[in-house]
Amino acid sequence: MTRQKILQVENLSIDYVVLDGIIKAVRNVSFTIDEGEVVCLVGESGSGKTTVGLAIAGALPENAVIREGKIIFRGRDFLSNRLKDKSTSEDRIMIIFQDPVATLNPLFRVGEIISDVIKHHLKITNPGEIREKALEFLKAVELPDPERVFNSYPHELSGGMLQRVVIAIALSINPRLLIADEPTTMLDVTLQAQILDLLINLKKKLGVSILFITHNLGVAAEIGDRIIVMYGGEIFEEARSEELLYNPLHPYTRGLLECIPKTHIKYSKLKSIPGMIFDLMNPPKGCTFVDRCTEAMEICRNVKPQLVEFLKDHRVACHLYRLEER
Amino acid sequence: MKRFKHQKIILSLIIKKPLSLISLLIVLAFIVLGVTAPFIVPYPEDAWGLTYNVEKRFLPPSVEHPLGTDALGRDLFSRVLLGSSFSLIIAVGVIGLALLIGIPVGVVAGYYGGRVGTLLMRITDMFLAFPPLLLAIVLAATLGRGLLNLIIALAISWWPWYARLVYVQTNTVKNMPYIDAAKIAGLSNIKIMGKHVIPNALTPTMVQAALDMGSAILEAAGLSFIGVGVKPPTPEWGLLVSEGWQSINYAWWIAFFPGLAILTTVVGFNLLADALRESADPRLRRTILMRLGVKQ
Amino acid sequence: MSTPLLRIKDLKKYFPIKVGLLGKVVGYVKAVDGVSFDIDLGEVVSIVGESGSGKTTIAKCILLLERLTYGKILYNGEDVTLLRAEKLREYRRSIQAVFQNPFLSLDPRMNVFDILAEPVKINMKLSREELYEYISSLLNMVGLDRSFLDKYPHELSGGQAQRVAIARAISLKPRLIILDEPTSALDVSVQAQILNLLADLKNELNLSYLLITHDLSIVKYISDRIIVVYLGRIMEEGLSEEILDKPLHPYTQTLFSAIPDPYTRSSRERIILRGEPPSPINPPPGCRFHTRCPYVMEVCKRQEPDEIRFSSTHKVYCWLYVEK
Ligand SMILES: Nc1ncnc2c1ncn2[C@@H]1O[C@H](COP(=O)(O)OP(=O)(O)O)[C@@H](O)[C@H]1O
Ligand SMILES: Nc1ncnc2c1ncn2[C@@H]1O[C@H](COP(=O)(O)OP(=O)(O)O)[C@@H](O)[C@H]1O
Ligand SMILES: [Mg+2]
Ligand SMILES: [Mg+2]
Numbered sequence: 001m002t003r004q005k006i007l008q009v010e011n012l013s014i015d016y017v018v019l020d021g022i023i024k025a026v027r028n029v030s031f032t033i034d035e036g037e038v039v040c041l042v043g044e045s046g047s048g049k050t051t052v053g054l055a056i057a058g059a060l061p062e063n064a065v066i067r068e069g070k071i072i073f074r075g076r077d078f079l080s081n082r083l084k085d086k087s088t089s090e091d092r093i094m095i096i097f098q099d100p101v102a103t104l105n106p107l108f109r110v111g112e113i114i115s116d117v118i119k120h121h122l123k124i125t126n127p128g129e130i131r132e133k134a135l136e137f138l139k140a141v142e143l144p145d146p147e148r149v150f151n152s153y154p155h156e157l158s159g160g161m162l163q164r165v166v167i168a169i170a171l172s173i174n175p176r177l178l179i180a181d182e183p184t185t186m187l188d189v190t191l192q193a194q195i196l197d198l199l200i201n202l203k204k205k206l207g208v209s210i211l212f213i214t215h216n217l218g219v220a221a222e223i224g225d226r227i228i229v230m231y232g233g234e235i236f237e238e239a240r241s242e243e244l245l246y247n248p249l250h251p252y253t254r255g256l257l258e259c260i261p262k263t264h265i266k267y268s269k270l271k272s273i274p275g276m277i278f279d280l281m282n283p284p285k286g287c288t289f290v291d292r293c294t295e296a297m298e299i300c301r302n303v304k305p306q307l308v309e310f311l312k313d314h315r316v317a318c319h320l321y322r323l324e325e326r
Numbered sequence: 001m002k003r004f005k006h007q008k009i010i011l012s013l014i015i016k017k018p019l020s021l022i023s024l025l026i027v028l029a030f031i032v033l034g035v036t037a038p039f040i041v042p043y044p045e046d047a048w049g050l051t052y053n054v055e056k057r058f059l060p061p062s063v064e065h066p067l068g069t070d071a072l073g074r075d076l077f078s079r080v081l082l083g084s085s086f087s088l089i090i091a092v093g094v095i096g097l098a099l100l101i102g103i104p105v106g107v108v109a110g111y112y113g114g115r116v117g118t119l120l121m122r123i124t125d126m127f128l129a130f131p132p133l134l135l136a137i138v139l140a141a142t143l144g145r146g147l148l149n150l151i152i153a154l155a156i157s158w159w160p161w162y163a164r165l166v167y168v169q170t171n172t173v174k175n176m177p178y179i180d181a182a183k184i185a186g187l188s189n190i191k192i193m194g195k196h197v198i199p200n201a202l203t204p205t206m207v208q209a210a211l212d213m214g215s216a217i218l219e220a221a222g223l224s225f226i227g228v229g230v231k232p233p234t235p236e237w238g239l240l241v242s243e244g245w246q247s248i249n250y251a252w253w254i255a256f257f258p259g260l261a262i263l264t265t266v267v268g269f270n271l272l273a274d275a276l277r278e279s280a281d282p283r284l285r286r287t288i289l290m291r292l293g294v295k296q
Numbered sequence: 001m002s003t004p005l006l007r008i009k010d011l012k013k014y015f016p017i018k019v020g021l022l023g024k025v026v027g028y029v030k031a032v033d034g035v036s037f038d039i040d041l042g043e044v045v046s047i048v049g050e051s052g053s054g055k056t057t058i059a060k061c062i063l064l065l066e067r068l069t070y071g072k073i074l075y076n077g078e079d080v081t082l083l084r085a086e087k088l089r090e091y092r093r094s095i096q097a098v099f100q101n102p103f104l105s106l107d108p109r110m111n112v113f114d115i116l117a118e119p120v121k122i123n124m125k126l127s128r129e130e131l132y133e134y135i136s137s138l139l140n141m142v143g144l145d146r147s148f149l150d151k152y153p154h155e156l157s158g159g160q161a162q163r164v165a166i167a168r169a170i171s172l173k174p175r176l177i178i179l180d181e182p183t184s185a186l187d188v189s190v191q192a193q194i195l196n197l198l199a200d201l202k203n204e205l206n207l208s209y210l211l212i213t214h215d216l217s218i219v220k221y222i223s224d225r226i227i228v229v230y231l232g233r234i235m236e237e238g239l240s241e242e243i244l245d246k247p248l249h250p251y252t253q254t255l256f257s258a259i260p261d262p263y264t265r266s267s268r269e270r271i272i273l274r275g276e277p278p279s280p281i282n283p284p285p286g287c288r289f290h291t292r293c294p295y296v297m298e299v300c301k302r303q304e305p306d307e308i309r310f311s312s313t314h315k316v317y318c319w320l321y322v323e324k
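For the record, the sequence lines run as chains A, B and C. What the first sequence shows, in the numbering used here, is residues 1 to 326, in sequence order. What the second sequence shows, in the numbering used here, is residues 1 to 296, in sequence order. What the third sequence shows, in the numbering used here, is residues 1 to 324, in sequence order.
Think of the hints as simulated: they come from the structure by calculation, not from any bench. Be careful, since some hints might not be right.
When the alpha-carbon atoms are kept at most 27 Å apart in a straight line, the in silico DSSO-like pairs for lysine-lysine are as follows [claimed, not checked]:
#1 C:Lys173 / C:Lys246
#2 B:Lys195 / C:Lys125
#3 C:Lys60 / B:Lys195
Extracted from the complex, chain A is given alone in its bound form (with noise of 0.2 Å):
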């Protein structure tokens, strides 16, 4: 089964430019989404994962700079367009954020941020029908009572709810690409559950694909058809859910699942990976992950790993792993 690929990236790197230097967030990282599929970046905090979605939603800070790459959605190549002018708009992709709060202006009320949505996008103006429409937008997202949240401000409203909400003004444009980026981070574990079972039955029912940005390979293994993990900008490992779960190559890659704790394991102590990211203004030459690396060799210090396709669907880049030795 060959599935139309909605999104191919396509040697992507970032820089953030500062007063110090020059960030380097994201550096060559390739990969693609298929039509309905989600696909999962994961990596800890500052693996340019956040960069990667605003890239791809056209909203990144004033501060960036596309250094090379593509974006190819749908077939066309935005990313030409982009470097002149970073907002240009590709309406069929929405992105959504961690912090529901920050995303929603507290001066008004749930229903006049949709309607206007509405308004704008599908170019309806009888109030009425709007209405309409965005109250099945509230009730697609599994809002309780969605008379209730048109008529309140975001403060009258929970996290859960408010995430909720989001998520409805993001379907409201009928986006084929929806960008999550730590959408439950901040939830409850019980509210996280909620989250993710919604975005699976969205994803089922209106077949849009989804890119899920977290840091918990366990969320993602959660909801992830493919797994992406990043660090320091690349990409690291890249494979089908299952594979990376139960085959995990990359030594960055096995720490991060043993980080995760376990519900059917007895008692252990919890592993956690020693050390913490290098700093992006000077990335070492070799293996970014080297000094944190249990198996680190020579060679790491000194030659940066390729990211090959060690197995089938199975991408790698790491010492370890090299094709010849196969």
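Fit chains B and C with the ligands to the given chain A structure using the hints.
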């Protein structure tokens, strides 16, 4: 987690945006000139308005008098230059005095709350209910002309804004976990206020205050222009414009150059304020929704 | 029976809802509504529940940051609201806290040295050199070195900042540290580091912990006893093994099934809790969980269940286990 320095990003943005850089240069130039003007004016006596020279009346700009002369034959360049000192004094005086009243009111109301807090904020709200410029005009007219009276009148119409800002900030800071941490450490209320609450609550206010100087200069000029500000022959820009106004038909420069000075300075301050505000709140998250036409 | 280190007896905290200038009270937020438990010396007790269930309020009452509405807190058998002077200072020193977001719990304008020196200066008499040595040793204990002394919070990573907060909490040699969601704001990889550090410190310094979290998955790595709360009331409590092996209350079970564990993704039966907790202003009558409970019965809506004991330590409040 954020590991880059906030201030550095702000600075780098300013440097990246040419308009912000220009505004920064204008503001710096204004401050430098304001401080040095009394010592560098080419015709000090003209500048202070101590003499007049009938033969030199209404001379257009020339090499000798780059901005021409005024109705009493005084060198306009010297007067406008010295005017920057007065504007600086007024700006610092008004904002300083307004802070002096606003900060204690805001901090006490915000930190202790309760009845006293409510009362203080009610009084503040009462002042805020008047249009500030109107209040300043009435006060200035009542107090009479003069530099000090002008400063007092403006400061009285100004402080409620700071009281409100400090109040909101104090309230926010007071509920921060690091205040709880200080209480757990055993610090007394007074010490917590002095060491944690006030410094953290005041930073945004101080930034705001520095950027408000442009507006203070503009309002002072306005008051002087309508005749309730400083006394002649003080070379205050607003007064200079008003003096030049009478002869605008045949000696345009007398009103024009002080007016230009006001415009440049105020625009400089306001652009800088905008740049700082924008970079302090990049509204990264909101860009998308804004693009969609969501109300922001 | 010996006296516990800390005994919480029928704790209630109601926040009045005020309106208007005169502050007329129109109702109460019943944040904590009758909670009792003990913490022994060297014991780790976890309080687990969704946000809004009153966990932080319990912590603030113990830390004397909030006044109790009702009930008692006994420290070594003494009522802490009656402590005065030196005894009160000793109590405050003995109970310390670590909060959720380290960047909010460290004053952004102070460097690490000043942050750590603040409580020490107030409570101990040390010379300058002794102070410096002591603070360096604190940093060592939490796995940081002296180079951090003059850094500001914004120069630290989340994990490092939380280590500083932990160093501050142990600086006064406390008996009990309240950990309010200490890892919720951190990356999973860092979460493990912090939990391990906390476990090590506990053994080294013979501390008690009150761990507050909404995530049942982390408690087993560290706690001896678990208390599950919902809307200001205890739903179930017991030894960690008891709760983890055999969660009885439907609420505990849903908390379990919400944990994202990749390896049980297919085998696990997920109970996704619908909706949000009701408002603590007007909590539901009867069992507070009945509005969301998958096993709700008629009786649950009318009457609050009594305590059902499954062992001397394992208690649950649920009608499912009442014999007819
Ligand atoms: N606006 C910005 N200016 C400068 N540096 C930034 C900016 N946004 C992010 N960064 C830096 O870029 C790197 C990657 O950040 P980000 O994409 O947010 O990572 P993640 O989402 O994986 O945590 C980090 O080192 C971060 O500090
Ligand atoms: N100072 C306060 N004033 C009024 N209501 C409060 C206050 N603090 C907490 N609450 C309310 O009490 C309830 C319990 O809050 P909290 O103890 O923070 O719960 P948790 O820590 O379990 O999330 C919530 O409904 C919250 O809104
Ligand atoms: Mg991010
Ligand atoms: Mg809490």
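Open item on the list: Taking the earlier hints as the rules, which of them does this structure contradict?
Closed with: Hint 1 contradicted; others consistent.
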